[in-house]
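In the order they appear, the protein sequences are chains U and H.
Note that my numbering has the first sequence beginning at 1, numbered continuously upward.
Note that my numbering has the second sequence beginning at 1, numbered continuously upward.
For the record, the hints were derived by calculation from the structure and aren't laboratory data.
One or more of the hints may lead you astray.
To be verified - Label pairs and their computed distance ranges (CB to CB): (1) U/Asp185 / H/Ser70: 18 to 28 Å; (2) U/Ser211 / H/Lys12: 51 to 61 Å; (3) U/Asn141 / H/Val148: 55 to 65 Å.
Claimed, not checked - Taking lysine to any residue pairs in the SDA-like style, the calculated list, with each CA pair at most 20 Å apart, reads: (4) H/Lys214 / U/Gly234; (5) H/Lys12 / U/Asp238; (6) H/Lys214 / U/Glu36; (7) H/Lys3 / U/Gly234; (8) H/Lys214 / U/Pro43; (9) H/Lys3 / U/Glu246; (10) H/Lys12 / H/Ala73; (11) H/Lys12 / U/Gly234.
Stated by the list, open to error - One-sided and incomplete, this derived list gives chain U residues near chain H with beta-carbon spacing under 7 Å: (12) Met94; (13) Phe96; (14) Gly138; (15) Asn141; (16) Asn144; (17) Ser211; (18) Pro243; (19) Arg249; (20) Arg255.
Using N, Cα and C, we set each Cβ at its ideal position, and we do this for glycine too.
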Amino acid sequence: MIADTGNVKFTTRDVHVFYGAKEAIKGVDLDINNNEVTALIGPSGCGKSTYLRCLNRMNDTVDSARVTGTIELDGVDIYDRSVDVVQLRARVGMVFQKPNPFPKSIYENVAYGPRIHGLATKKSELDEVVETSLRKAGLWNEVNDRLDTQGTALSGGQQQRLCIARAIAVSPEVILMDEPCSALDPIATARVEELIDELRENYAIVIVTHSMQQAARVSQKTAFFHLGDLVEYGDTEDIFTNPREERTRDYITGRFG
Amino acid sequence: MPKDHTVSAYDKELENLRSSIARMGGLAEAQIAGAVDALFKRSSDRSAQVVAADKSLDSLELSIEKDAISLLARRQPMASDLREIVSALKMSSILERIGDYSKNIAKRVGAISDAQNFRVVRTVGDMAHLVQKMLKDVLDAYIDQDEVKALDVWERDTAVDELYNSLFRELLTYMMEDPRSITPCTHLLFAAKNVERMGDHVTNLAEIVYYLVKGDLLEDTRPKSDSTSYTVLRPSDDD
Ligand SMILES: Nc1ncnc2c1ncn2[C@@H]1O[C@H](COP(=O)(O)OP(=O)(O)OP(=O)(O)O)[C@@H](O)[C@H]1O
Ligand SMILES: [Mg+2]
Chain U
1 MIADTGNVKF
11 TTRDVHVFYG
21 AKEAIKGVDL
31 DINNNEVTAL
41 IGPSGCGKST
51 YLRCLNRMND
61 TVDSARVTGT
71 IELDGVDIYD
81 RSVDVVQLRA
91 RVGMVFQKPN
101 PFPKSIYENV
111 AYGPRIHGLA
121 TKKSELDEVV
131 ETSLRKAGLW
141 NEVNDRLDTQ
151 GTALSGGQQQ
161 RLCIARAIAV
171 SPEVILMDEP
181 CSALDPIATA
191 RVEELIDELR
201 ENYAIVIVTH
211 SMQQAARVSQ
221 KTAFFHLGDL
231 VEYGDTEDIF
241 TNPREERTRD
251 YITGRFG
Chain H
1 MPKDHTVSAY
11 DKELENLRSS
21 IARMGGLAEA
31 QIAGAVDALF
41 KRSSDRSAQV
51 VAADKSLDSL
61 ELSIEKDAIS
71 LLARRQPMAS
81 DLREIVSALK
91 MSSILERIGD
101 YSKNIAKRVG
111 AISDAQNFRV
121 VRTVGDMAHL
131 VQKMLKDVLD
141 AYIDQDEVKA
151 LDVWERDTAV
161 DELYNSLFRE
171 LLTYMMEDPR
181 SITPCTHLLF
191 AAKNVERMGD
201 HVTNLAEIVY
211 YLVKGDLLED
221 TRPKSDSTSY
231 TVLRPSDDD
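Throw the hints in and build the complete structure from the sequences for me.
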């Protein structure tokens with residue numbers, strides 16, 4: 001199951017992930033396109049997060065995890081020895097289910113990445129990165145008068161947008177989001193969704209979500225996973241109005257036993 | 001037929017929607033038959049019955065609309081469920097329209113009585129019979145989720161159009177021959193036009209059933225053979 005359009009950012013082929021002896025991803029072929037939101041959906045435990053974490057080698061941090069197959073970012077194998085994982089994670093940012101700001105000021109949360117990656121050194125440069133990132137994340141107007149307060153003192157929705165600002169501050173090319181709205185109320189969710197739609201212009205975005213409505217709203221492509229297999233991939237509109245595979249149909253219409 | 005939903009009340013609601021559509025369809029069929037019957041019998045009682053019975057179609061449409069909106073709002077339907085609900089909304093409004101046409105024919109029964117000698121009344125009856133059969137078949141296709149049957153109905157509308165074309169010319173001829181026939185003939189022409197429009201609506205129902213089952217839209221490539229919009233008969237044509 002391979003993307004039909006050009007403009008491919010990630011090419012993944014025959015991806016298997018094992019946790020010890022357990023095979024969590026069973027040979028997935030999938031492309032992730034630039035300037036598109038790709039939604040990963042499927043029942044709990046089907047391997048969405050596991051697959052997502054392959055894309056910036058977050059699985060490296062899990063001792064028992066072993067990844068095989070090919071994962072190429074712009075044609076370069078990201079599991080190649082020559083690849084610097086820290087650089088990779090700057091190019092492929094991640095936003096998690098639970099907002100996890102550092103226990104530092106709002107300013108520092110955003111400035112940290114650009115500073116350690118040497119993207120901005122002077123105070124004025126950092127100030128600018130912080131402002132533009134917070135603006136892009138739709139948070140600037142709510143926090144510009146209190147950049148010194150702790151990131152953890154913000155509301156859940158604001159914290160999540162802070163994490164998104166932190167992710168985009170290092171000018172990534174891809175943003176991975178693992179259930180970014182599951183802890184948010186409908187309005188904060190709508191803000192984040194609008195943000196995702198805006199970010200799509202400049203990034204490739206992969207989002208894991210349990211909300212079918214959210215997948216339908218924000219994504220252009222949808223991939224349905226089940227028990228470690230990629231069952232169906234296609235245009236989001238087709239997946240939600242006329243899925244081809246029975247397992248997809250059963251899942252999205254609420255017929256899974 | 002798809003498996004049951006995890007939430008069984010959802011299945012029940014969809015089932016209710018389907019059976020309401022089937023009920024509306026049955027009523028709409030009976031209304032066509034009733035209108036034609038009133039026309040043949042020149043019966044004002046029969047015609048009054050048809051006019052009165054139209055109300056139940058209206059109220060069924062309303063209740064289907066309410067149920068469908070409530071399902072959309074509460075269940076966030078996807079895939080075949082979404083198609084099912086959208087289709088029910090569209091089908092109910094089409095069936096209601098078909099009912100209106102039958103009612104309109106019934107209302108013309110008095111005015112057409114004078115034209116009873118014309119065999120064209122028979123032709124209107126033949127047209128209506130074809131449409132009624134098409135409607136019955138498309139409802140079967142709906143209930144059986146049978147896209148092949150729906151396609152078959154979709155192709156049959158041409159026959160209705162052809163009958164209408166020939167009837168149109170015939171009526172024009174009568175009216176030219178005898179100006180006193182103009183009033184009944186005009187009413188008959190409207191009645192025939194109503195039946196022709198019902199045929200178009202049944203064709204739309206067939207398209208909806210096809211979409212419901214297959215998930216693909218049937219592109220409108222159906223040959224149209226209603227040519228009356230540009231048919232002209234001149235008195236001098238006989239010369
Ligand atoms: N660190 C780990 N060690 C061992 N097994 C794991 C680990 N992480 C995940 N798994 C297993 O791998 C499978 C896929 O898990 P994963 O977290 O990718 O699922 P998911 O689709 O993201 O589920 P959810 O929707 O619940 O987040 C599951 O069976 C899970 O138990
Ligand atoms: Mg997960």
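Fill in: Hint numbers not upheld by this structure, sorted from lowest to highest
2, 5, 6, 7, 8, 11, 12, 13, 14, 15, 16 and 17
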